[in-house]
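Protein sequences appear in the order of chains E and R. If you read the first sequence in the working numbering, its first letter stands for residue 1, the second for the next number, and so on. If you read the second sequence in the working numbering, its first letter stands for residue 1001, the second for the next number, and so on.
In short, the hints are calculated from the structure, not lab data. Hints may be right or wrong, so weigh each one.
From chain E, some residues computed to sit far from chain R (all C-beta separations above 10 Å) [what the hints assert, rightly or not]:
1. Gly42
2. Leu81
3. Ala108
4. Val159
Partner residues aside, some chain R positions facing chain E, computed with beta carbon under 7 Å [to be verified]:
5. Phe1050
6. Ala1051
7. Glu1061
8. Leu1068
9. Val1137
10. Ser1139
11. Ala1142
12. Asp1146
13. Met1147
14. Ser1150
15. Val1151
16. Asp1153
17. Leu1157
A virtual CB, placed ideally from N, CA and C, is assigned to each residue, including glycine.
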Amino acid sequence: MNLSDPGTSDAARQELHPVVRIGIAAWALAEPPAVLVTTGLGSCVGVVLYDDALGVAAMAHVMLPTASLESAPRASKYADLAVPFLIQELVGRGAALTRLRAKFAGGAQMFKLPGKSDLMRIGPRNVEAVERALTASGIPIAAKDCGGSIGRTIAFHTVDRRLHVRTAKYGTYVL
Amino acid sequence: MRSPFVWTRQHADLLSEVGNIGAGHAATALSELLQQPVRVSLSNARLCPFAEIAEVVGGPEALIVGVLIRVSGDLGGHILLILPPASARSLVAAVLPVESLGDEFTELSVSALAEIGNILCGAYLTAVSELTLRRFVPSVPAVACDMALSVLDVSLLPAGEVSDDVILVDTQVETEQSALKEPCLLLLLPDPQSFQALTEGLFP
């Protein structure tokens, strides 16, 4: 797979732009020149918050809209907890709340099952929950690529604050 | 976070046996459909961390075809037939010889895959139902072809509500002749809330 410059070798690129990989329900924070990557988003949403001036960024691979059943939930798993949590972590690293922006992608409905089960609508519900949490925190949405029935792999480049979205069906595009 | 139940060696053995019996019936059904011998591996049941789930199907970005059935009734969960695209094509060719084998799956070949998934998963569930004396209501099958993790993630959600790992019973299915180019997988993912009901059915 090739998420950035096709002319550079993987090893050289890794040295220039260390890649930080984030698993399902996990999160990470990175500073320039790192690249934050999460793979295979289906109904999950990959949320990135970043300081537009400094480039410091945090990404979460959100799985569910709201925390309900768990007694000690992992913030990065839930849209409603992940957004305030990422803000707190970024501000702790010197980011300014007023300079924070958001980019996110995912929230697809991979399977079309009849009926309106909550489980099958989880992608759109995840997207709504992310948007609600961002609005509540007053963070502007700089870009998003959500919905449909496609899987997505995303890479956020802290250097130019661009979000590369790779899909199996429609190739790669940059937000 | 920790799982809401205690996972023991005994549970693994029991659910592996559930997988063996279910997949054995699924293999018989597939063998009848294809008119050729079908082999299944021993099933493996475990509590699988989310971080490792994609490795079971070849990595998070491997292109796979998934046929998903949501199970409700006495037991909630998901059952999936996972096919490498080459196997999905060869399987369609075996049951629909007139369908061409282009890169895109036609509507007819998607229907055929859904029906094959339905037959295999139905046979699997019937066997497990008889074994556990539990009544299952399967949904109609749905098909997706995309990156592995994106195809799987919806089936992890019930587990995700209570922990960061999922009960996974996986069995490899292969044919000796050409019908399946590469082995495919049958995955059973019981909801954590149903775990008790399932194991009680096995300890009457």
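>> According to the definition I'm using, a residue is off the interface if its beta carbon is farther than 10 Å from all beta carbons of the partner; does Ala108 (chain E) meet that for chain R?
In response: At roughly 7 Å from the nearest Cβ of chain R, Ala108 (chain E) sits no farther out than 10 Å, so the non-interface label is violated.
> Is the shortest C-beta separation between Asp1146 (chain R) and chain E less than 7 Å?
Replying inline: Given a least distance of 4 Å, the restraint on Asp1146 (chain R) holds.
>> Minimum C-beta separation from Leu81 (chain E) to chain R exceeding 10 Å: can you confirm that?
In response: holds (13 Å)
> Is the shortest C-beta separation between Val1151 (chain R) and chain E less than 7 Å?
Replying inline: holds (6 Å)
>> So, as I understand it, the hint says Leu1068 (chain R) touches chain E; can you test that by seeing if any CB pair is closer than 7 Å?
In response: holds (5 Å)
>> Less than 7 Å between beta-carbons is the criterion; does Ala1142 (chain R) satisfy it with respect to chain E?
In response: This hint holds: Ala1142 (chain R) lies near chain E, its Cβ roughly 4 Å from the closest one there, short of 7 Å.
> Regarding the hint that Asp1153 (chain R) lies at the interface with chain E, is the smallest CB-CB distance below 7 Å?
Replying inline: holds (4 Å)
> Any CB of chain E closer than 7 Å to the CB of Ser1150 (chain R)?
Replying inline: holds (3 Å)
> For the hint on Ala1051 (chain R), does the least C-beta distance to chain E fall short of 7 Å?
Replying inline: Holds - the Cβ of Ala1051 (chain R) comes within 7 Å of chain E, reaching about 5 Å at its closest.
>> Leu1157 (chain R) was flagged as interface toward chain E. Is the shortest Cβ-Cβ separation under 7 Å?
In response: holds (6 Å)
>> Please check whether Phe1050 (chain R) passes as an interface residue: C-beta within 7 Å of a C-beta belonging to chain E.
In response: holds (4 Å)
> Does Met1147 (chain R) meet its interface restraint, that is, does its C-beta lie within less than 7 Å of any C-beta in chain E?
Replying inline: holds (4 Å)
Comparing the model with each earlier hint shows violations of hints 1, 3, 9; every other hint is respected.
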